[in-house]
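**Student:** As a plain string of letters, each chain reads:
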Amino acid sequence: MTPPATGTKLRAEHVHMVFTRDGKSTPVLEDMSLDVSEGEFVCLVGPSGCGKSTLLNTMAGFLSPTSGTISIDGEIVRGPDRRRIFVFQERGVFPWLTVQGNIGFGLAKLSRAEREKRIAHYIKMVGLEGFEEAYPSELSGGMKQRLEVARALAVDPDMLYLDEPFGALDSITRLIMRGELLRIWQAERKTIVFVTHDIDEAVQLADRVVVMSARPATIQQIVQVDIPHPRDISSPRYLELRDGILQQIGLAHKI
Amino acid sequence: MNSLATPQKWEKFAWPLIASGLLLALWHYSVLWTGTKVFPSPLNVEKGILELFHKHVLWSNIGSSLGRVAIGFGAATMIGIPLGLTLGWYPALNQVVNPVMQIMRPISPIAWIPVAIIFFGVGDHPAIFLIFLGAFFPIVVACINGVSNVPSVYRRAGRNFGLAPAQLLAKVVFPAALPQIIVGLRLAFGIAWLVVVAAEMVAVDSGLGYLVIDSRNSGKRYDLVVAAMLMIGVIGLAFDLVFRRLETIKSVRWGFGNES
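One line per chain: the protein sequences are A and B, in this order.
In this text, residue positions in the first sequence follow my numbering: the first is 1, and each later residue adds one.
In this text, residue positions in the second sequence follow my numbering: the first is 1, and each later residue adds one.
Chain A with its partners taken away, still in its complex shape (with noise of 0.2 Å):
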């Protein structure tokens, strides 16, 4: 199945990953191939260590394949790019800056009007009002998480790359945070690759599901999630959804 063509985004062809330590190679991905389409949201989901922050990784450039081709609008993957920017688990934003210069970090060659005039945009988007000059250590998990978001928007990229953003949350602001995300990703549109472990915030977030399987990871299923937003998580077809990947990944009415 493919999602309404607006063309390709991001195209992984045949992508193999092997790890070399001590001499002992460990083979991670196995032939993956994978298309997003522009504007798209992609969840990647799998048993835990299979290989998804290894494939984000190098989806944006930090790590380069054993073998086979990122290819993003066609052209080869050879490094990170400030089109398209990785969020860490909220331990990305630089704790010497403040929030507005963590937001503005990326935004040196703008002119200093111009610069403020997008800080201060991405502060209200993201809710941070009243907390221009505080410092990161002075912030909340979510709020921390909220100014990284805010960082890699504010350079208008094309692409966000986010590995388990909210797994570091409580539960309360994991949920506030997927809503938040889903407001921004439909008010900005940009493709969003996003790595998680919990199966019921892929089929809340993504337009597809990426099933992966154990190491070395292969592509087991790609699930079409044909719910439009807001999506009612007791509705009959989001538990079936659910339940389908639960048991692809084996692990389906077993608690």
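Just so you know, these hints were derived from the structure itself, not from any lab.
Check each hint, because a few of them may be wrong.
[As the list claims (entries may be wrong)] With a straight-line Cα cutoff of 25 Å, these simulated BS3-like cross-link-like pairs (lysine-lysine) come out:
id	chain 1	residue 1	chain 2	residue 2
1	B	LYS37	B	LYS220
2	A	LYS117	B	LYS171
3	B	LYS47	B	LYS220
4	A	LYS124	B	LYS250
5	B	LYS47	B	LYS37
6	B	LYS171	B	LYS250
7	A	LYS109	B	LYS171
8	A	LYS109	A	LYS124
9	B	LYS55	B	LYS220
Assemble chain B onto chain A, guided by the hints.
**Tutor:** For chain B alone, coordinates are given in the frame of chain A:
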């Protein structure tokens, strides 16, 4: 009061004052009871300080010592920080230089005194050289460690925003390493202050170290010896407080793990 109880505000000042008072009393009565003619009592020392002050030698000697430390420590900072950052940034280069550094580091600057005199003769220069040596290695090592301990997430984030290597060093690696660098500077200043006193006992005729040794040599004025020692302690403490103050600046406070 147990270790978990937060001290009252008055306690923070009262207990140290009481302790200092008791120590002074112990000193005073020890001098009285032993009937020593050589070692001064606190009152003698106080008179000594006033005497130094009135003869206008106190400020000039403090000034000389501070001047030497400023030059030696300043040069160590100005050379040590860029060098340490570079070595931390290029681990391969660090591996080349590291063995030499590790051998030089534990050599007390005092052991360099004869060599310093051969190199620089007598006067300010050997003293400044010794201070430089004492401060240089702790600064370099703090910078190397600071840079290599920068979490890779920060470097990755910096690269992701398109920073060139030089910008990455200036805008990410340096501020991320700064807390550790400040600790290194504080340590280095402490050593510089120890070394200046020792250096001034040898090759120069001014400074607090010279004052200590000169007071002893010219008439066994132990009241002035102890007065100079006290001044050395007070000034050292004052600078340590200044460095501790730096650690509370907001852009580095995150690195000291006692934020609340």
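**Student:** Each hint should be assessed against the structure and marked as holding or not.
**Tutor:** Verification of the hints:
Restraint check: the Cα-Cα separation between B/LYS37 and B/LYS220 comes to about 11 Å, which is no more than 25 Å; the hinted pair holds. The suggested pairing of A/LYS117 with B/LYS171 holds, with an alpha-carbon distance near 22 Å, which does not exceed 25 Å. For the hint pairing B/LYS47 with B/LYS220, the CA-to-CA distance comes to about 16 Å; that is within 25 Å, so the pair holds. Of the supplied pair hints, the one linking A/LYS124 and B/LYS250 holds, its CA atoms being roughly 24 Å apart against a limit of 25 Å.
Taken as a hint, the B/LYS47 and B/LYS37 pair is honoured in the structure, with Cα atoms around 16 Å apart against an allowance of 25 Å. At roughly 16 Å between alpha-carbon atoms, B/LYS171 and B/LYS250 fall within 25 Å of each other, so this suggested pair holds. Distance check on the hinted pair: A/LYS109 and B/LYS171 sit about 14 Å apart at the alpha-carbon level, within 25 Å; holds. Proposed proximity of A/LYS109 and A/LYS124 is supported: the alpha carbons are some 22 Å apart, at most 25 Å.
Distance restraint check for B/LYS55 and B/LYS220: the Cα-Cα separation of roughly 18 Å lies within the 25 Å cut-off, and the hinted pair is therefore satisfied.
In this structure, every one of the numbered hints holds.
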